[in-house]
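Residue numbers (my numbering), protein chains in the order written: chain A, 606 to 732; chain B, 400 to 855.
By construction, these hints were calculated from the structure, which means they are not laboratory data. Source: prediction; values computed, not measured. Even for Gly, the Cβ is constructed at its ideal location relative to N, Cα and C. Just so you know, not all the hints are guaranteed correct.
Distance condition first, Cα-Cα at most 27 Å in a straight line; then the derived BS3-like pairs of lysine-lysine [said to hold, decoys possible]:
1) A:K708 / A:K653
2) A:K653 / B:K680
3) B:K679 / A:K667
4) A:K690 / B:K680
5) B:K591 / A:K667
6) A:K626 / A:K667
7) A:K658 / B:K680
8) B:K679 / A:K652
9) A:K652 / B:K717
10) A:K712 / A:K667
11) A:K708 / A:K690
In silico contact screen, one side only, chain B against chain A (beta carbon under 10 Å); selected entries [as the list claims (entries may be wrong)]:
12) G470
13) G548
14) R683
15) L706
16) Q707
17) R709
18) E710
19) I713
20) R714
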Amino acid sequence: MTPTDRLFSKTHEWVKFDGDKAAVGISDHAQESLGDITFVELPPVGKKVVKGKACCVIESVKAASDIYAPVSGEIAEVNREAVAKPELINQDPYEKGWIFKIKDVSKSDMVDLMDAGAYDAFVDSEA
Amino acid sequence: MSYIANTARQQEEMLRVCGVSSIGELFKDIPENLRPRSFSLPRGKSELEVHQILERYAAQNYSHLINFLGGGFYDHFIPAAVDAIASRSEFYTAYTPYQPELSQGTLQAMYEFQSDVCRLTGMEISNASLYDGGTALYEACQMAIHATGRPKIIVDGGVNPIYRKMLYSYTANLSIDFCEIPVSHGQSDREKVFAALDESTAGVVLQNPNFFGVIDNHADIVDKCHSLGILAVQSVYPVSMALLKPPGEIGVDIVTGEGQSLGIPLSFGGPYIGFMATSKKLARKMPGRIVGRTVDGQGREGFVLTLQAREQHIRREKATSNICTNEALCALRVHAYLSLLGSQGLREVAELCLNKAAYAKNRFKAISHVKVMETSPTFNEFTLLLPMDAAEAAGKMIERGFAPGFPLGRYYPGMENYLLVAVTEKRTRYEIGAFAEALEDVLRSFAPQPTLSENT
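When you get a sec, could you build the whole thing from the sequences and use the hints?
Here's what the structure looks like:
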């Protein structure tokens, strides 16, 4: 089930507000398409990220893929556990497999993101 | 020599398969004004004629000279077994493996080569070769810039000037800020290098032994770099690694070098082979192919190309490098050479180079008006100060049957009278003596200048 407590981008990242920070990860559909994830290159804390621009890389057995910032802001926290155990992103993409958190997010950046229902329909339409 | 036949009948058949009636129609998508009006090709030549032409070209080579020329490429002995192994058709005819894991033998050879490079340099990880020493240095600079996110590279004046030239032409259209620091008394100028290090510096490029043949322990520079988050890059002469402290032991971050001296004959323009080694921490920033050893589903040992996700066929414009291939056959030669010699054998080669160079230094000191530069310890290459233009003297030495060395004025203005001389295990006491006598003879025909000027 696609969780309903967060929003999704067309590039298959999710964003979930957690206090004043927005946690970001990749969707279950994304992790399944990538296959076994072998490496995560996290952005440095303090880095300014821009909505729609690549800000970190994850490598799987199939490909190296960019993760695009779904909203603009500054990297506030990164998930070091996911570096040590990249398989967390495969096993639990929505909770333990979060990748980074962004602060100073503008709500206006959220308008074109999709809710769970719209995202599921988007994934179906892409297939 | 075999020619590929292309008869009128075959041409017709090919055109029929393509579904066109003439060669003109085949090229009709190219606008008329962009097509060549004529290829102006001479008529075909017979096998005998081709032989004669090529023999005439080959006779223009000066391959008969007794070689005292180095400058990054050295005349070392190559055991016949290296040629025998490298010319086996299983290796020789195989181009870069597009389905790499099918070629387990080739992958194993590359893996062994990587292991050789790691052992020689004292580093953790190596790739399966780069084009040559100069491009390897360029790749190292790119790595330092990617890894640190900083724009400046400091280049020591003791780095091979040919490599430096390559570095600058490779990066002509990139915004890399290069800062070159001339050597002082033949060694890295600590004061100036330290003063140039700052928070925008990505890497410092050093060479050991440096272009003047001088052995320089760069440990102090490496430490200083690390205190500022700067990567230390060192280009090395692999044969010397058998005697010198390996860069891994002084904390160098990226080691590169030219592998020609390990079983690859001297030739005009190569093919030569670059090598690179680094720490595990920087493995993902390392360009080119890396072969890994693993086990298959049934626990059998096998070799694979690994970390390919960094490469441009997957990461496209975000790849860490645009290198598309490697020097597999040369890498195989390097591995064959090192395997035949073993660590003891390589050490003996290095000792012979060191000792024969020391003997030559002593012999050359006896030549009047020639000064052997001895401000710093050297490996197998050293500088002579002549009482005349070194390039002119070199020309006279060639007439006497010697490739006498590298006239430094070619790359170092003000050093027109300096000659860089290399001595390998192949040089004999007789040849060294004959060189000295020939040089004496050359100098006699020039009036000696009353005073010598020094500027190193």
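For a quick check of understanding: which of the numbered hints are violated here, in increasing order? Hints 5, 6, 10 and 12 are the ones this structure does not satisfy, whereas the remaining hints hold.
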